[in-house]
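Protein chains in written order, with this note's numbering: chain R, 1 to 535; chain F, 1001 to 1330.
By construction, these hints were calculated from the structure, which means they are not laboratory data.
It cannot be assumed that every hint is accurate.
Stated by the list, open to error - No farther apart than 20 Å at their CA atoms in a straight line, the calculated lysine to any residue pairs in the SDA-like style are these:
id: 1; chain 1: R; residue 1: 375; chain 2: F; residue 2: 1100
id: 2; chain 1: F; residue 1: 1139; chain 2: R; residue 2: 489
id: 3; chain 1: R; residue 1: 375; chain 2: F; residue 2: 1086
id: 4; chain 1: R; residue 1: 375; chain 2: F; residue 2: 1262
id: 5; chain 1: F; residue 1: 1139; chain 2: R; residue 2: 186
id: 6; chain 1: F; residue 1: 1139; chain 2: R; residue 2: 481
id: 7; chain 1: F; residue 1: 1139; chain 2: R; residue 2: 485
id: 8; chain 1: R; residue 1: 209; chain 2: F; residue 2: 1103
id: 9; chain 1: F; residue 1: 1111; chain 2: R; residue 2: 14
id: 10; chain 1: F; residue 1: 1139; chain 2: R; residue 2: 201
id: 11; chain 1: F; residue 1: 1111; chain 2: R; residue 2: 201
id: 12; chain 1: F; residue 1: 1111; chain 2: R; residue 2: 205
id: 13; chain 1: F; residue 1: 1059; chain 2: R; residue 2: 199
id: 14; chain 1: F; residue 1: 1139; chain 2: R; residue 2: 493
id: 15; chain 1: F; residue 1: 1111; chain 2: R; residue 2: 246
id: 16; chain 1: R; residue 1: 209; chain 2: F; residue 2: 1259
id: 17; chain 1: R; residue 1: 209; chain 2: F; residue 2: 1110
id: 18; chain 1: F; residue 1: 1139; chain 2: R; residue 2: 189
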Amino acid sequence: MLYFSRWKAIAIVAIAVIVCLCAVPNFFSPQTVARWPEWAQRHVVLGLDLQGGSHILLEVDANDVRQQKLDQVRDDVRRVLRDAKIGYTGLVIRGDTVEVRIREGSDFQTAYSKLRELSVPLGGLLGGTGQRSLAVSDTGNALVRLTVTEAAMTERIRQVVEQTIPIIEKRVNELGLVEPTVQRQGIDRILVQVPGLGDPEALLRILGKTAKLEFRLVDVSNSPQDAVQQGRVPPDDDLLYETRGGQKYPVLVQKQVMVSGADLTDAQPGFDQRSGEPIVTFRFNTAGARRFAQVSQENVGRPFAIVLDGEVISAPVIREAILGGSGQISGSFTVESANELAILLRAGALPAKLTPIEQRVVGPGLGQDSIQKGKLASYAGAVLVVVFMFATYGLFGLFANIAVAINVAMIFGVLSLLNATLTLPGIAGIVLTVGIAVDSNVLIYERIREEVRGGRSAISAIDAGFSRALATILDSNITTFIAAAVLFVIGTGPVRGFAVTLGIGIATSLFTAFTLTRLIVASWVQWQRPKTVPI
Amino acid sequence: MRLLRIVPDDTKFDFMRFRRISFPMSAALSILAIVLYFTHGLNFGIDFQGGTLIEIQAKSGTADLQRMRTTLSALGLGEVQLQQFGGPADVLIRIAQQPGGETAQQAAVEKVRGALGSDVDYRRIEVVGPRVSGELLYKGILGVFAAIAAILVYLWFRFEWQFALGAMIANVHDLVLTLGFMSVTQIDFDLTSIAALLTILGYSLNDTVVIYDRIREMLRRYKRLSMPDLLNVSINSTLSRSIITHVTVAMSLLALLLFGGPAIHSFTATMMFGVVLVGTYTSVFIASPILIYLGVGTGRTEHVETPAPATDTPAPPAKASPPAAAKARP
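All chains should be modelled from the sequences, with the hints used to inform the complete structure.
Here it is, written out as structure tokens:
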């Protein structure tokens, strides 16, 4: 156990040195590191709990997606039956199914087979899962039921998440934030992590909005007050509200959309030239501009409503045909909210509603405090352990301390290599590793003590101590490693950071126990040829 | 230089006799812990219960807890808890899960911010909705069981099944007592607690495995030693290591406890209890003696005299050297 071939010794030292060197970029400022070659830039990333920032988990509103899907199926049914000139009654959405009754019994078979064609295989041509988008059933009594399958819903939610991520990215980037990450989580979730953010509320405001913008004509032939009082809304209208000066005013708006936000090419915050109020200016694409020009020409003197997510922002009267393809939205904006609306309009509307289901925000002050405390605890822990080891084992304690120091450097090296995230519990993991990295040494030294008491000569005792203890070290560390691995899988955020440092700590302490400590002791034995073991 | 010897070289403590005290004691404590769990319950943090947690720091330097309490309870947010957290300016506000689904939680934060205004710095805001908290709890429980199962399988491969079973009983004992501790102290039970529990699991087993390793070695080497004697020798000869290692771990944890700040306070306190107090006790007084009841070494006879081959003869086990072992060595 105490003999190392020259090459093996060199390899061990080389690995230790290289891994330790990987930690070097962490000691320089990011600006300095940025000038280094790419391969040398890997460094430890501070977790949101240490540098401050926001962690927001958003979930796609499945009900919203289901509703859209059902609306679409209903429209499809209407179109198919109209095209085939088949009479029907009672086309309704009931729960998660669309029901339609075919009027003439003679048409039923044709209608049924036509409606069955609406159900398509999922996953395109290649993904032959055998699943279909709709379950179409004949319930008798000339009634056909079309149910959106769970598989189709999952598929749609997956698509929604895919379409949503770039929009969210655009929104977050437009807020001017540094290094935001936007990731899919599971099927229906999106995790947004933004380090070092001054105003977490602003982030939440721009993430939570669907930002569906519509220009719709106001129905002036019916009174909105009557609609509110009698609870009867004309079939072609929606009853929406406009908030002005803290008061809500009802507005009857036509269901038909003149132009939607999808036709915008640009939106910018600005100020109204006359009143000096904050506004948002926008420009339509060609199709949108043409459509807007046409509608505005036909409706001069009538009010139209600018509707955002089902709320009327403002309902100005069309004074003249708007032909230039650009316009402005004024409402009760502040500079901030005008800017936010412009960002939302530029990034586009989300395909479905998003709900924030988890939010963790750490201010930069707390992060700084945590770093300070983590450092202090690490130094204190290290000093205590180093002194204790030296008092217990003397020279061999010193060897152990060297091994532990190298160990900690190697942990940072591996963390850097993996670009891993260091969190406050992660620091706790490192401190704890210091406590247990010495355990391997303790196991070896205690075994050597025993062998010496058993009457072996110094060198033979050291040799036997190493060979017997290493098996135990392996066994005992693997159990802790399993715990760390499980924690890594189930944990998120800071807790995962703990699992990472604990796991890496175990790996590096195994490495040092099996190679470095042995090499150090072996070199000492070769050099000193000891007659007695000084422990 | 005189080196520190925490455990004298010739320690011969009769751990096995102590099992008549330790087993009933552990059983009683475990039952107490379970009773506590059901009567006192755990203080679920927002990770597992949902709700809102806001850490604030008064800009003036001292937080007027009384006034904040009146202000916040007037908001009609249900149960609002305030607690000094670290320095005199730091306050931790907990708001129970709001009825009305995910968005209602966000609204509650807005209300608090509105009420406290700009006199305070918002150092941390955590909002966990009902769906996420349910999943986190499920994942946490699953994780603990998965870890126990994985470790069991590993031990079963490396040792015999009796050892794996003994370790598992010791393990569950550790977890139950730690949960009891968390129930008594009403420490926040959240994701970091799960991390603490899993670490306790790992370290307690680490300790158990070291002793088991020695027991296995002794079983192979000394065929004539009676089981209780063999266990005693095994524990005594690893005792120094157990103590020294736990002193170093305790030192690390102490440093975290004293200087690590309030954010990881409950985490380290739990770990201190679980790793240092319970874990060590369990490996020595529960995990080892239980092997006798699980039937390890029942096939050992007093007649078979098989001295180990001379080439492989290791040093006799410390000064505890039982007569049989001494004779086995030529």
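Structure-based check of each hint:
no.	hint	verdict
1	375/R to 1100/F	violated, 42 Å
2	1139/F to 489/R	holds, 9 Å
3	375/R to 1086/F	holds, 17 Å
4	375/R to 1262/F	holds, 14 Å
5	1139/F to 186/R	holds, 14 Å
6	1139/F to 481/R	holds, 19 Å
7	1139/F to 485/R	holds, 14 Å
8	209/R to 1103/F	holds, 12 Å
9	1111/F to 14/R	violated, 59 Å
10	1139/F to 201/R	violated, 29 Å
11	1111/F to 201/R	holds, 13 Å
12	1111/F to 205/R	holds, 15 Å
13	1059/F to 199/R	holds, 18 Å
14	1139/F to 493/R	holds, 14 Å
15	1111/F to 246/R	holds, 17 Å
16	209/R to 1259/F	violated, 42 Å
17	209/R to 1110/F	holds, 16 Å
18	1139/F to 189/R	holds, 17 Å
Hint check: violations occur at hints 1, 9, 10 and 16; the rest are consistent with the structure.
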